[in-house]
Amino acid sequence: MTDQHILSAYDRDLEAIQALVMKMGGLVEAAILDGAQSLETRDVELADKVRQGDKAIDALELRINEEAARTIALRAPVSKDLRTVLTVMKIAGSLERIGDYAKNMAKRTHVLAEMTPINGPDAALRRMAREVQGMLRDVLDAYVRRDAELAEQVRMHDQDVDQMYNALFREFLTFMMEDPRNITACMHLHFIAKNVERMGDLVTNIAEQVIYQVTGEIPDEARPKGDITTSVSKVE
Amino acid sequence: MTDATNSGAQAPKTSLIAHDARTKKRNSAEKRFRAYGVTAIGIGLFFLTVLFYSILKSGLPAFTTTVLSVEFTMTQEQYDEAEGTMLKTAKYQGFFNDGLAAQLAETGVEVEYDAKTIERIAGKTGNLIRAHYQENPNTIGSPVTFDLPTSSRVNRYINGEFTKDEVEDSRFLEAADLDLVDVMLASGTIRTVFDWNFITGKDSGVDNPGGAGIGASVIGSFFMMLVVLVLSLPIGVAASIYLEEFAPKNRWTDLIEVNISNLAAVPSIVFGILGLAVFIQFMHLPQSAPLVGGLVLTLMTLPTIIISTRASLKAVPPSIRDAALGIGASKMQAVFHHVLPLAMPGILTGTIIGLAQALGETAPLLLIGMVGFVAREYPEGFIQGFVEPNSAMPAQIYTWASRADAGFYEKAWGGIIVLLAFLLTMNIIAIILRRRFERRW
Amino acid sequence: MNDMRLIDRAVDMKDIKIAARDVQVYYGDNHAIKDVNVDIADKTVTAFIGPSGCGKSTFLRSLNRMNDTIDICRVEGNILLDGEDIYDKQVDPVQLRAKVGMVFQKPNPFPKSIYDNVAYGPRIHGLAKNKADLDEIVEKALRRGAIWDEVKDRLDKPGTGLSGGQQQRLCIARAVATEPEVLLMDEPCSALDPIATAQVEELIDELRENYSVVIVTHSMQQAARVSQKTAFFHLGNLVEYGETGQIFTNPVDPRTESYITGRIG
Chain A
1 MTDQHILSAY
11 DRDLEAIQAL
21 VMKMGGLVEA
31 AILDGAQSLE
41 TRDVELADKV
51 RQGDKAIDAL
61 ELRINEEAAR
71 TIALRAPVSK
81 DLRTVLTVMK
91 IAGSLERIGD
101 YAKNMAKRTH
111 VLAEMTPING
121 PDAALRRMAR
131 EVQGMLRDVL
141 DAYVRRDAEL
151 AEQVRMHDQD
161 VDQMYNALFR
171 EFLTFMMEDP
181 RNITACMHLH
191 FIAKNVERMG
201 DLVTNIAEQV
211 IYQVTGEIPD
221 EARPKGDITT
231 SVSKVE
Chain B
1 MTDATNSGAQ
11 APKTSLIAHD
21 ARTKKRNSAE
31 KRFRAYGVTA
41 IGIGLFFLTV
51 LFYSILKSGL
61 PAFTTTVLSV
71 EFTMTQEQYD
81 EAEGTMLKTA
91 KYQGFFNDGL
101 AAQLAETGVE
111 VEYDAKTIER
121 IAGKTGNLIR
131 AHYQENPNTI
141 GSPVTFDLPT
151 SSRVNRYING
161 EFTKDEVEDS
171 RFLEAADLDL
181 VDVMLASGTI
191 RTVFDWNFIT
201 GKDSGVDNPG
211 GAGIGASVIG
221 SFFMMLVVLV
231 LSLPIGVAAS
241 IYLEEFAPKN
251 RWTDLIEVNI
261 SNLAAVPSIV
271 FGILGLAVFI
281 QFMHLPQSAP
291 LVGGLVLTLM
301 TLPTIIISTR
311 ASLKAVPPSI
321 RDAALGIGAS
331 KMQAVFHHVL
341 PLAMPGILTG
351 TIIGLAQALG
361 ETAPLLLIGM
371 VGFVAREYPE
381 GFIQGFVEPN
391 SAMPAQIYTW
401 ASRADAGFYE
411 KAWGGIIVLL
421 AFLLTMNIIA
431 IILRRRFERR
441 W
Chain C
1 MNDMRLIDRA
11 VDMKDIKIAA
21 RDVQVYYGDN
31 HAIKDVNVDI
41 ADKTVTAFIG
51 PSGCGKSTFL
61 RSLNRMNDTI
71 DICRVEGNIL
81 LDGEDIYDKQ
91 VDPVQLRAKV
101 GMVFQKPNPF
111 PKSIYDNVAY
121 GPRIHGLAKN
131 KADLDEIVEK
141 ALRRGAIWDE
151 VKDRLDKPGT
161 GLSGGQQQRL
171 CIARAVATEP
181 EVLLMDEPCS
191 ALDPIATAQV
201 EELIDELREN
211 YSVVIVTHSM
221 QQAARVSQKT
231 AFFHLGNLVE
241 YGETGQIFTN
251 PVDPRTESYI
261 TGRIG
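Protein chains in written order, with the numbering used here: chain A, 1 to 236; chain B, 1 to 441; chain C, 1 to 265.
Source of the hints: derived by calculation from the structure; they are not laboratory data.
One or more hints might be untrue.
Stated by the list, open to error - Between beta-carbon pairs, the in silico distance windows are:
1. C:ARG74 to B:ARG251: 16 to 26 Å
2. C:ILE264 to B:ARG435: 50 to 60 Å
3. C:ASP92 to B:ILE432: 53 to 63 Å
What the hints assert, rightly or not - As a list, the in silico DSBU-like pairs of lysine-lysine whose alpha-carbon atoms are at most 35 Å apart:
4. B:LYS314 to C:LYS89
5. B:LYS331 to C:LYS99
6. B:LYS88 to C:LYS157
7. C:LYS112 to B:LYS314
8. C:LYS106 to B:LYS314
9. A:LYS80 to C:LYS106
10. B:LYS249 to C:LYS43
11. B:LYS331 to C:LYS112
12. B:LYS249 to C:LYS112
13. C:LYS89 to B:LYS331
14. C:LYS43 to B:LYS331
15. B:LYS249 to C:LYS34
16. B:LYS249 to C:LYS89
17. C:LYS129 to B:LYS331
18. C:LYS157 to B:LYS57
19. C:LYS34 to B:LYS314
20. B:LYS331 to C:LYS34
21. A:LYS23 to C:LYS43
22. C:LYS99 to B:LYS314
23. C:LYS43 to A:LYS80
24. B:LYS202 to C:LYS99
Claimed, not checked - Partial selection, computed: residues in chain C whose CB lies under 8 Å from chain A:
25. LYS131
26. ALA198
27. HIS218
28. GLU243
29. SER258
Glycine residues also receive a C-beta, built at the ideal position from the N, C-alpha and C atoms.
Please take these sequences and the hints and turn them into a complete structure.
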């Protein structure tokens, strides 16, 4: 079985739209890394760059959605091609959200830059962001290679991110209890941590879309969740 | 909507195995209709068989003739003696009779006969024998076998057309002669042989059916068909192509179309009288000539050819014309390169059918004098073939059938067989052409 | 990278191949085409869509004067091919049709060999000086028709022995062989199965490099798949003419919308 359509323009359309997704993924990866970096070094300029970059990501999402609609209208895709177009839209949506979180991180960097730094959580946050960026890179890899196994691994990996978030959560609680002047900064840092954890969830969504794209089925078994903060009432 | 489906659901359930009254009625109607069809074809085949049987039965004897076969030797003395007398042929006849008598005695014939009997059976033989020795003097002294034609009455007796009891004694035949004929038949002295003269020969006088052949009139028909083919094919095809492909569709072309259809239905005798008036009385072309016959038949065949040609041009799918025009062929190129070759089998078939029809046509020939003309001679050359008076096959048959001597009746049937053979050949050629040239699109 | 155009559907309207101005077509008393104005671009696939009897085929046939063969048909207005009015008195329709080739609904190869089918046009137009020349033209045309590999070993076999899709590609090769500038296609895939249709569509897409292609189709999907510009005809009027993606995702005229969404026929 050949993977080519008789109508080669159809292949070109599908490839082009997926290339847009990859391009968007690259931009989002960079935004995560730069966001985390700017946070750690309190680099306002880099943070501004991330905020500016989000516009390009949003534009790309719009573009992908337009092209997807166009492909549906003009090519009437079915089966695998239909899944490609559908997942492309969803992945683009998830990436756009991730981009938004990265932008949010950069925004908060501005606020945090004017406060007394709290040592410790910055590095942990950066590790967490790196982790998420790594997951995103893997899932985009899995998407390009149509590798459901890798996607499944990424999906399972989210647990680690959740656990890192739990640890941070406790750390922030401790800081805040120690010194109430830390509360503002910790609240911001906590939002950042929560956003990174959300990014991980969105990457998991993308992984699910990759699995759907390859197998035609959305994985339904519950994925292991490490976020237990909803049940945490106090720190021992 | 829901009401309709509900009422439909209330219809009683029927089984597929049990036939309801309506189905039975329908099935028996269909069976009846098939039976009608088979009957109709059966009746047709029955009549065809009867027709062929009677034609063959009556006509086949025309292709054979009976001969009296005698072997004898004429010595030089006998030859000189015969040439020396006044009644030379009578003397030859005498020698022949002696030879026959010797041959009969050898086989032990015990029937009474005399010279008159032999003359009634074989006619006056002296002429033929003398002619032979005059032409071949070197055979004098050596044995020669003579196959002399028997008289037409003996011929017909041998063919079983009458019995001994029916014979009324006359100067042509006596019942007693037939005893001798029987004996000679049994001994092989009288034999039945294939009569090439009937196929290739010329017409004879009214009192000699045995010597009549259809050959001359076949040649007449051939020249006529040549005229018809050469004139009607180009004229007919050109007219059809113009009408079908080029002529604007308006009242005039409609009128022409209607008239062509009408012409095809005009009785052939009308064409005959037209030919008489125009070609013979006005243009002073020779009477009874194949040229005139051909012209008349051309007029008659043209509508047939035009109609069949137009039909086959119409049958060429318009997509072929579009294809040719679409890549920039002119109208004429489209017609001559693509449409005409595809229509060719149909055109040829139509032409051959038209020719076959013309070949069998008698009525117009009546009026231009081909019927009744006795084709005693072959034409002298190719040009003369067109203009010298001649007969044609159907005219010859008609002429024979109207002659008094019963022997010609048989010849007429034989002529019909020849004519049918030609028609059959032409139809087979038409079928082969169609098969050969037919192309799918 | 931002300027990377997705599918090269962008249509450069600088090169107008055919311009129709206030074209009216009458069949006897029937006004079949009303006031059609349209600019057909070079090196573009333009699709005409619309319900049966909307006049799209009629208009297509008036672009190479195939309507001339119908007695009662009358065309008014101007149709300009490279700025020259094709209905000018001095224009020989035969010459025009060599420039504006046509492919028909039903594959209609001549009942001749594959070679002769393709060679016929070049022969009557005298495009080949000798046999070798003609061979070359035939091969080139068959390659352009994307059928060379399938028939190169059986050029002397009748063209009617090919499958429907091959026949249609042969007809396209035959049309291409006369070196036309415009190719008109009147529902070229309506008699073909989906795979053959896809092959012909792929071929049309390739032909776009060299020709201006105008295709009439009953299948909106086909118009969507192969064309860069789409014109929607309805009741003899050109309702909407625009970029194909725009027509199929966001048509301007409510009639176009109703037609492409299956609400009017």
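Unmet hints by their number, sorted upward, for this structure:
3, 6, 10, 18, 24, 25, 27, 28 and 29
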